[in-house]
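For the record, the sequence lines run as chains A and B.
My numbering applies: residue 1 is where the first sequence begins, and numbers increase by one.
My numbering applies: residue 1 is where the second sequence begins, and numbers increase by one.
Note that these hints are calculated values from the structure, not bench results.
Note that the coordinates shown come from a computational prediction; the quantities given were computed from them, not determined experimentally.
Take the hints with a grain of salt, since some may be wrong.
Claimed, not checked - Derived DSBU-like pairs (lysine-lysine); straight-line CA-CA distance at most 30 Å:
1) A:Lys321 to B:Lys284
2) B:Lys221 to B:Lys450
3) A:Lys107 to A:Lys65
4) A:Lys143 to A:Lys226
5) A:Lys86 to A:Lys143
6) A:Lys8 to A:Lys72
7) A:Lys312 to B:Lys284
8) B:Lys450 to B:Lys114
9) A:Lys194 to A:Lys224
10) A:Lys312 to B:Lys295
11) A:Lys321 to B:Lys295
12) A:Lys396 to A:Lys72
What the hints assert, rightly or not - Away from chain B, derived, C-beta distances all over 10 Å, residues of chain A:
13) Glu2
14) Ala5
15) Tyr85
16) Leu161
17) Pro417
18) Leu504
Cβ atoms here follow ideal geometry from the backbone N, Cα and C, with glycine treated the same way.
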Amino acid sequence: MEIDATWKDLTHALSGLFCASINFLESSTSYFAPSWAFRSNVSNLRYGALPREAVCTENLTPWLKLLPCRDKAGLASLLDRPSIYKGYYHSQRLQLTSTKSTGMVLKQTLTVVLKPDVQRNSAHSSLDNSIQPSWSVSSMFKKNVTGLCVPAKTSRIFFELETNMVVELEKLGYGDSWSNSIFDLSPNPVRVFKESNPLPGRSNSIIYEYINYSEHEPLDLGMKWKLPFIWSCSQSPFHASRFLMGSGNERGSIAISLQSTESNKEFLAKSHGCTVQVLIFQVVPWYVKVYYHTLQVFIDGKPQSASDVIEKIQVSPSEDKLFPGTLELMLRYPCSVQSVALTLDFDKGFLHIDEYPPDANQGFDIPSALVTFPNFHSSRSYVEDNLSINSPLLLKFQEKNVVRSYTEALLVPLTTPDFSMPYNVITFTCTVLALYFGSLLNVLRRRVGEEERLLNSKGNTTRIRLIPLLLSKFSSKLKGRTDGTPKSSSLLGSKFLFILVVVLAVLWHYIAN
Amino acid sequence: MAGIRGYWNLAAAAIAFRLLLLLCFPKDLHLGSRPEVATPLTSLRRLAEGYWLKQASMSPYSGSMYHGSPLLLSFLGQLTIRRVEGRPPHFYCSLMFVVVDFITAVLIRATGQKLLLSRHKSFQVLNLSKLVEASGIVNPGDFASLVYLWNPLTIVTCMGSSTSPIDNLMVVMAIYGACSRIAPLAAFGWVFATHLSLYPIILIVPVILLLGYGLDAPPSKLFLHKTSDASSSCALNQSPDNSEAPKLTDNAIHTFSWVQVLHFVLWVFIWLCFVLLLSSISLKDVGGLSEMFRKTYGFILTVEDLSPNIGVLWYFFAEVFDFFRNFFLIVFHVNILFMILPLAIRLKHRSCFLAFVYIAISSMLKSYPSVGDSALYLGLLALFCNELADMHFSFFLFCGYIGVSLLSPVMHNLWIWRGTGNANFYFATGLAYACLQTVLVVESVSSMLKHDRMLRKLVKA
Numbered sequence: 001m002e003i004d005a006t007w008k009d010l011t012h013a014l015s016g017l018f019c020a021s022i023n024f025l026e027s028s029t030s031y032f033a034p035s036w037a038f039r040s041n042v043s044n045l046r047y048g049a050l051p052r053e054a055v056c057t058e059n060l061t062p063w064l065k066l067l068p069c070r071d072k073a074g075l076a077s078l079l080d081r082p083s084i085y086k087g088y089y090h091s092q093r094l095q096l097t098s099t100k101s102t103g104m105v106l107k108q109t110l111t112v113v114l115k116p117d118v119q120r121n122s123a124h125s126s127l128d129n130s131i132q133p134s135w136s137v138s139s140m141f142k143k144n145v146t147g148l149c150v151p152a153k154t155s156r157i158f159f160e161l162e163t164n165m166v167v168e169l170e171k172l173g174y175g176d177s178w179s180n181s182i183f184d185l186s187p188n189p190v191r192v193f194k195e196s197n198p199l200p201g202r203s204n205s206i207i208y209e210y211i212n213y214s215e216h217e218p219l220d221l222g223m224k225w226k227l228p229f230i231w232s233c234s235q236s237p238f239h240a241s242r243f244l245m246g247s248g249n250e251r252g253s254i255a256i257s258l259q260s261t262e263s264n265k266e267f268l269a270k271s272h273g274c275t276v277q278v279l280i281f282q283v284v285p286w287y288v289k290v291y292y293h294t295l296q297v298f299i300d301g302k303p304q305s306a307s308d309v310i311e312k313i314q315v316s317p318s319e320d321k322l323f324p325g326t327l328e329l330m331l332r333y334p335c336s337v338q339s340v341a342l343t344l345d346f347d348k349g350f351l352h353i354d355e356y357p358p359d360a361n362q363g364f365d366i367p368s369a370l371v372t373f374p375n376f377h378s379s380r381s382y383v384e385d386n387l388s389i390n391s392p393l394l395l396k397f398q399e400k401n402v403v404r405s406y407t408e409a410l411l412v413p414l415t416t417p418d419f420s421m422p423y424n425v426i427t428f429t430c431t432v433l434a435l436y437f438g439s440l441l442n443v444l445r446r447r448v449g450e451e452e453r454l455l456n457s458k459g460n461t462t463r464i465r466l467i468p469l470l471l472s473k474f475s476s477k478l479k480g481r482t483d484g485t486p487k488s489s490s491l492l493g494s495k496f497l498f499i500l501v502v503v504l505a506v507l508w509h510y511i512a513n
Numbered sequence: 001m002a003g004i005r006g007y008w009n010l011a012a013a014a015i016a017f018r019l020l021l022l023l024c025f026p027k028d029l030h031l032g033s034r035p036e037v038a039t040p041l042t043s044l045r046r047l048a049e050g051y052w053l054k055q056a057s058m059s060p061y062s063g064s065m066y067h068g069s070p071l072l073l074s075f076l077g078q079l080t081i082r083r084v085e086g087r088p089p090h091f092y093c094s095l096m097f098v099v100v101d102f103i104t105a106v107l108i109r110a111t112g113q114k115l116l117l118s119r120h121k122s123f124q125v126l127n128l129s130k131l132v133e134a135s136g137i138v139n140p141g142d143f144a145s146l147v148y149l150w151n152p153l154t155i156v157t158c159m160g161s162s163t164s165p166i167d168n169l170m171v172v173m174a175i176y177g178a179c180s181r182i183a184p185l186a187a188f189g190w191v192f193a194t195h196l197s198l199y200p201i202i203l204i205v206p207v208i209l210l211l212g213y214g215l216d217a218p219p220s221k222l223f224l225h226k227t228s229d230a231s232s233s234c235a236l237n238q239s240p241d242n243s244e245a246p247k248l249t250d251n252a253i254h255t256f257s258w259v260q261v262l263h264f265v266l267w268v269f270i271w272l273c274f275v276l277l278l279s280s281i282s283l284k285d286v287g288g289l290s291e292m293f294r295k296t297y298g299f300i301l302t303v304e305d306l307s308p309n310i311g312v313l314w315y316f317f318a319e320v321f322d323f324f325r326n327f328f329l330i331v332f333h334v335n336i337l338f339m340i341l342p343l344a345i346r347l348k349h350r351s352c353f354l355a356f357v358y359i360a361i362s363s364m365l366k367s368y369p370s371v372g373d374s375a376l377y378l379g380l381l382a383l384f385c386n387e388l389a390d391m392h393f394s395f396f397l398f399c400g401y402i403g404v405s406l407l408s409p410v411m412h413n414l415w416i417w418r419g420t421g422n423a424n425f426y427f428a429t430g431l432a433y434a435c436l437q438t439v440l441v442v443e444s445v446s447s448m449l450k451h452d453r454m455l456r457k458l459v460k461a
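Only chain B is shown next, with the shape it has when bound in the complex:
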């Protein structure tokens, strides 16, 4: 299908806008000091501190400042100390993040194109060709990558002295690798995404499903129903022992391909050993791997830092009684883990969408959320624009996101800088943001399931 006209012009304009912000603003926009943008995990200032400590032959994790990966220290540390006169700090890092954003957008576009191809193929098999030529189908790849590039949240993250663009790139790389069935790329993305921030570990389920079953498609029941001639009554008739399928449906019926998955697992082991080896070399004299796990994953899981951010956990753990602290830590993290199985059961035929839902849930419930995580899942949401066209509350969500993005800095200013506000003001915007994200996740899952039901109705008819 034809892409969006002028896609490359728009993409280049987005890159140019970022460069404009970088080069033509002489003063520091102070985006790196906004708690919505830079969290204790992703702040570049803390990375610079960790780098200084490492250069001083101390452990980079001492001082409870830096809590990221030692590989990022070696990668970005040198760049953070080079200062350019008259430019905002971390200038070279921001330039690099512009490039990283562009690569992420290109990968999203490629994923979208693969999704579109798979969608057309499955519709052809199901004889739903009238849907194929229906007007109003947007090329999801172009649309999603433009949404990602032009999203103000992404631009703010790119300029904002935060390492979230690299996390987003790794996650998108894992999804793209899984969609294109390139096991080494998927393994690389998944291992590094997990290494940098713990939560992408739950993406193992959609990645394996993507590699095994293939891309998003209508439920396999529809294909079975199409091929079976005998049954004509209710659609719930599940007859696994169907008659022999014609040759065409052999391609359509999704059988789990174990070869790809084993290939993926092998590459995961290779990359995992690589990452652990590099980390242990870099932390050889200063504590080793156990300290790294304690200070990075332990820090994420125990929510040690109570600085405000756009989530709800910081105020919760600042106020909860010590007696219940561990209980609530488990509750919050189990809420992410518990949803893995029901969602996977219900959406296993749409693994790319499943990955989006997992990312959205983990962005909502993670220990130190930031707008960089929202930028990622909003971009991925746009990949499913054709299926989610009937989503309820879309306007409400759009206005809600704009409202929260505008109100949150105001409340923060009132509380911290002017002293006229209260922590409750800022927490209220965080709560509203969490509600918005809940509505987004629930409504998108609901509309996707409705879309599948509509397809089933069309196939039956």
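If we strip away everything but chain A, and leave its shape as in the complex, we get:
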């Protein structure tokens, strides 16, 4: 299958379908095939990023239109736009697979991170300030779940208690009850799924399934906290972040830092003498001119020789005005390391005035870097078998997915020329050029004796009046006499000829008409 040949059609189709500027990714210089980051067949994968594009409601609406009931019925009717876009994070995903056995399957995933509003009740005691805010579906989305989408085979809501939360609950002796002295979960779930075979030392995560709801019994899933309760969430083993160093508009450095987190410490406690493998994939536009030879690695703050830590490196340098540069790194270092930092120097480029985007002083975006941890993966397995689970979501959770972390997109301010000056610059420069050209030729042209002639001629110049001279020339020519200096004769002769031609033309015009 020719991927690159049909890429343009794909990007344009997606762009039209989702009202997003995906068509900017159409040229072969804006997408890449990272070799190691995604751990899949290299030749089939393409990766492109649009850092300046914001995802908003005009992308969500056509995405929802692909659902059989759109956002009119079923779970999608919950998606109240202001509530979603008030949240911290949202992500839309579309997966289209086509196989002989199953035909075409479209999977759509919307991920939203919301924070419930803190309700302040003056009646309660000060203890309430440390309790997590209680929430329910109606309070978060301003709507209840009413009715199914008729073409849907199943429509379910799952509620998960995370692993660490279950650990803390078990410490307090509450196990897997959904109504206890810490919180109240209402209504009661229909089924409970427990994770099996967790990593040693970890507890299971619990999933509650809710399935019974209809027009007459709207489901308002909610959680009411009674006592303060704290648990840590599971993180990637190293927290990846990226930032710019340096000041001024001439040069700077990109730094990627990996900080060890709790999850890594747990992992470390289990095994000794292990090494962590990290894959970093980064795309940098051409006007951020990276010096690859300045790549430096710091482990726990101390500089290391790059070859100690970097196992493999693959660089595809950028080309001015043509395509961006990509950098892929494979690092390997001991698990006990607290922090790893990579720095890369760059020079800021200068663009032509046409190449600046409309708001040029905002800066230019560098897309997120992708940090992959091949040793760590998130997958769960449940006690029940797949048939009885019957949920694509839980089946997806059971796949072995490598932990991937996306860093921040960077904003690089570049110097701007004065956009209002093209004519002025051209005229100034051409003036200097003309000065040089003219004066040099003038100096070369001057002959010996010209200065003396100029001095001599200055002594006996009289003011020449043009018209009397013309008349005298005309009369002398009529009378057949030649007079005057040879220098001015040619000039006056041509003037005489010109006037004669004009008079003749006027006469001809009158005679002909």
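Following the hints, complete the assembly by docking chain B onto the known chain A.
Quick look at chain B alone, frame taken from chain A:
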């Protein structure tokens, strides 16, 4: 003639000053990051990047970072990666450039001495011996080489992580070889100077004239006039079919010696094949010669990089409309080429000065000028201090150069680092610098021609 007293002391002091700057300044002076000193063509940092890419089995020109010669990569690449603790980066390279500067100064001195000898010989032939003993004649070789060594622009270039000292050495080597009529040396210098930066190609004209006609001398008309007894009226009388010249003037009348020129052309071919062979070997797996020409000469001629420098082309091509871009590229380069013929016609008897004028013009109009080019032509200007003693505007130019050298970094800082200035501030200093260079070139040509007219008057009298 006696040289400048204490010449070697002063030269050694200049070298010691450079070593002092290198060794005793613990911090990096950051001269390599100044756009006036290091351009995209000459920056050592980019050379280090090109070397890294070559070591990684990629073409050194990928990444649009390095645009120089692959021979320089092999020559300097190893030196750039060796770091010394507590010293500025590119320490070994700077040490090498100190040596290169010294060799350039010695070659300039030798050229000046040859010029002085030729001047005395021609004055003796013309019976202008009173000029020979006139006080106030400075030994041009000593003076020029001291000017070159002590010029702050040269010192800054030497310390500034830029490969301009090597370019300057090659150009001076070509001029010295041509003045001493050593054809292999002249060919070597010319071929390598052209290979490293494209613009010294126009020096083929003065080099051939130097090899053919010999060193700078008063116009040959004066010698003919001296020998002819019959004509006594105006000096414009050109009688090519003169009477038989006495034996003395046989040496003085400049006839074009074809042997030297053919010898030179042969050596040019030899060195050219050598350079191309070495380059193609070094770029064997990564693109070959066509990529080298595209990325070095193509880069120079099409002005792809719009980073600020001390010239005017960067802002011009950042602002000019795309429709006119090619037109203006041609205009700027033709301005250099067009002046070759008129200058050569007018100054063919003074080929060394012609070389200086060509270098000054190309430094002004080239794509990525730097102060290293100015250091070269200011040093060569001093070779003609005796003839150009009456130059107008000399004080104005001196103050202008100092002013531009001081203002340009300030404007750059205001624009890039503080953000309070504008690109126009920096461009204004570039424009002023271009005007200064124009005035310098025009005035020096004018005074040289005036000097010739004065000689003609003295000979006639």
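Hint by hint, where does the structure go against what was stated? Just the numbers, ascending. Result: hints 6, 17 break, sorted rising.
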